[in-house]
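> Residue numbers (my numbering), protein chains in the order written: chain A, 45 to 195; chain B, 98 to 256; chain C, 278 to 406.
Please keep in mind that the hints were generated in silico from the structure rather than gathered at the bench.
Don't take each hint at face value.
What the hints assert, rightly or not - Mimicking EDC-like on lysine to aspartate or glutamate, the simulated pairs with C-alpha atoms at most 20 Å apart in a straight line are:
no. : chain 1 : residue 1 : chain 2 : residue 2
1   : B       : K182      : C       : E300
2   : A       : K46       : A       : D183
3   : B       : K101      : B       : E255
4   : B       : K214      : A       : E63
5   : B       : K182      : B       : D112
6   : B       : K214      : C       : E300
7   : B       : K214      : A       : E170
8   : B       : K182      : B       : E226
9   : B       : K101      : A       : E63
10  : B       : K214      : B       : E226
11  : B       : K182      : C       : E390
12  : B       : K182      : A       : D183
13  : B       : K101      : B       : D112
14  : B       : K182      : B       : E206
15  : B       : K214      : A       : D75
16  : B       : K214      : C       : E390
17  : B       : K214      : A       : D182
18  : B       : K101      : B       : D115
19  : B       : K214      : B       : E173
20  : A       : K46       : A       : D75
Quick caveat, the model's predicted, so the values are computed rather than measured.
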Amino acid sequence: MKAELVQAAGRVFGSVAEELAFLFVTPAASDEPPDEPLLEAAAGFRGSHAGRVTLVAPASLAAEVAGNLLGLDSAETVDETQAEDALGELANVFTGHLATALWGGRALVNLDPPVVSPADPERWRELVGVGARVWAADDRPLALHVWLLQE
Amino acid sequence: MAVKTVGIAELLVSDHVDDTLVTYSLGSCLGLAVWDPLARCGGLLHSFLPLSNTDPDRARDAPATFTDTGVVALLEAVLGLGASKPRLVAKAVGCANMIDDDRYFRVGERNYTVLRKVLWRNGILIAAEEVGGTMARTLVLHIGSGRAQVRAQGQRREI
Amino acid sequence: MAVNVLVVDDSSTMRHMVMRALELSGAPLGQVLEAANGREALDALAANWIDLVLTDINMPVMDGVEMLRAMRDSGLLATMPVVVISTEANDQRIHELRDMGVGAYLRKPFRPELLRATLEELLGYHHEG
């Protein structure tokens, strides 16, 4: 990913994650995937600009996102469906705000429904290999990749 | 009328209608006032840092040091006086970006985010606020009426 | 008078978040129904007495704009307030929504306090505190 895009994506993701899910996002210390089950949320967009956002995060972080969105106590648990849905929604809201940050209010962008699926460490490394940046959300790593269709 | 001061990393609750609670020098710190109009009781918190996981021992000994444990402790204390969460009127002040703060840590903004997280978890909305900016503020809560005032840069206003 | 509400969003987490914010808004709530897209929403509107719709825009099967157009064409949109809660940020689209008669637009992520203030204005009640 180009440097300006990485910067914009990091800034917007940090802002959205904090505002939506009360997570504090900082640069991660390492690019390596965590040793726990992972989920991938992919959100495409079309219109005046097109591209795709891919977010890979530990399932435990997705569960925390769901819990925070729903206002649950730390003792209350969410099921897999809720965790996947919440991660997809985080990717979705991020994509909308990234489009605004990059192209302003004139951008006419249609967001595809996010698709969430299990991921493995190889997938994480693959995304990092093509420019995904690794961030830490409340000290848990996640990999964020943005691909834009060149016009 | 009794004026009681709440210091940094402290909280105080009261059900005496003549009490006025005040806390000073709210820079990046969070000042939170809660009041129950039916039970006529309330409290004030002055928390310093956002998250207690940085120092669990200190959080245990002085929960008001941190916003996450401080807000919970304030709520528990005011519920102990007979308040009820659905009735609580919550007002937030402070959480500023002070000029000499390290911008990387964004303490003021994070205090505000943690406040929102804990209140959402407890089903309480913020009724009024004066947060952000770069100035230090004073927060006053009158227990009898629930009126809250903010003082900053020589000005005073109700929130 | 109790207000029956329809919450429309393809994300179940978002629907539940909106429903929680709705409960905290102080609005005099009756039934609260859910729909995952515009098609399900129109079916719910046909089968139930609804007084308020809170809806997303980007949804599969039928999006919010198409749903609102159908509500406008049937005359339903003129009979109830609609609040759009969406990531939509295109100026023209937001303008179109307002022209159609949408009562308010909240951008995600939205503050529950803003939903409360919006509903107080649209429904004409006041929550103490």
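> Now, for every hint given, state plainly whether the structure supports it.
These are the hints, each one checked on the structure:
Simply put, K182(B) and E300(C) have alpha-carbon atoms about 13 Å apart, close enough for the 20 Å limit, and the pair holds. Between K46(A) and D183(A) the alpha-carbon distance is near 25 Å, which puts this suggested pair outside the 20 Å criterion. For the given pair, K101(B) sits about 19 Å from E255(B) by alpha-carbon distance, which is consistent with the 20 Å threshold. At roughly 10 Å between alpha-carbon atoms, K214(B) and E63(A) fall within 20 Å of each other, so this suggested pair holds.
Restraint check for K182(B) and D112(B): the C-alpha separation of about 16 Å stays at or below 20 Å, so the hint holds. Proposed proximity of K214(B) and E300(C) is supported: the alpha carbons are some 17 Å apart, at most 20 Å. In summary, the hint linking K214(B) to E170(A) is not supported, as the alpha carbons are separated by about 34 Å, beyond the 20 Å threshold. With a CA separation close to 18 Å, the supplied pair K182(B) and E226(B) stays within the 20 Å bound.
For the suggested pair K101(B) and E63(A), the alpha carbons sit about 34 Å apart, so the restraint of at most 20 Å is broken. Of the supplied pair hints, the one linking K214(B) and E226(B) holds, its CA atoms being roughly 15 Å apart against a limit of 20 Å. With a CA separation close to 16 Å, the supplied pair K182(B) and E390(C) stays within the 20 Å bound. A distance of roughly 31 Å separates the Cα atoms of K182(B) and D183(A); the hinted pair therefore is violated under the 20 Å criterion.
Under the criterion of a C-alpha separation no larger than 20 Å, the hint pairing K101(B) with D112(B) is consistent with the structure, at around 13 Å. Proposed proximity of K182(B) and E206(B) is contradicted: the alpha carbons are some 25 Å apart, above 20 Å. Of the pairs offered as hints, the one joining K214(B) and D75(A) is violated, with about 29 Å between alpha carbons and a cut-off of 20 Å exceeded. For the hint pairing K214(B) with E390(C), the CA-to-CA distance comes to about 13 Å; that is within 20 Å, so the pair holds.
Under the criterion of a C-alpha separation no larger than 20 Å, the hint pairing K214(B) with D182(A) is consistent with the structure, at around 14 Å. The hinted pair formed by K101(B) and D115(B) meets the criterion: a straight-line CA distance of about 11 Å does not exceed 20 Å. A C-alpha spacing of about 16 Å is found between K214(B) and E173(B), which places the hinted pair at or below 20 Å, so the restraint holds. Between K46(A) and D75(A) the alpha-carbon distance is near 17 Å, which keeps this suggested pair within the 20 Å criterion.
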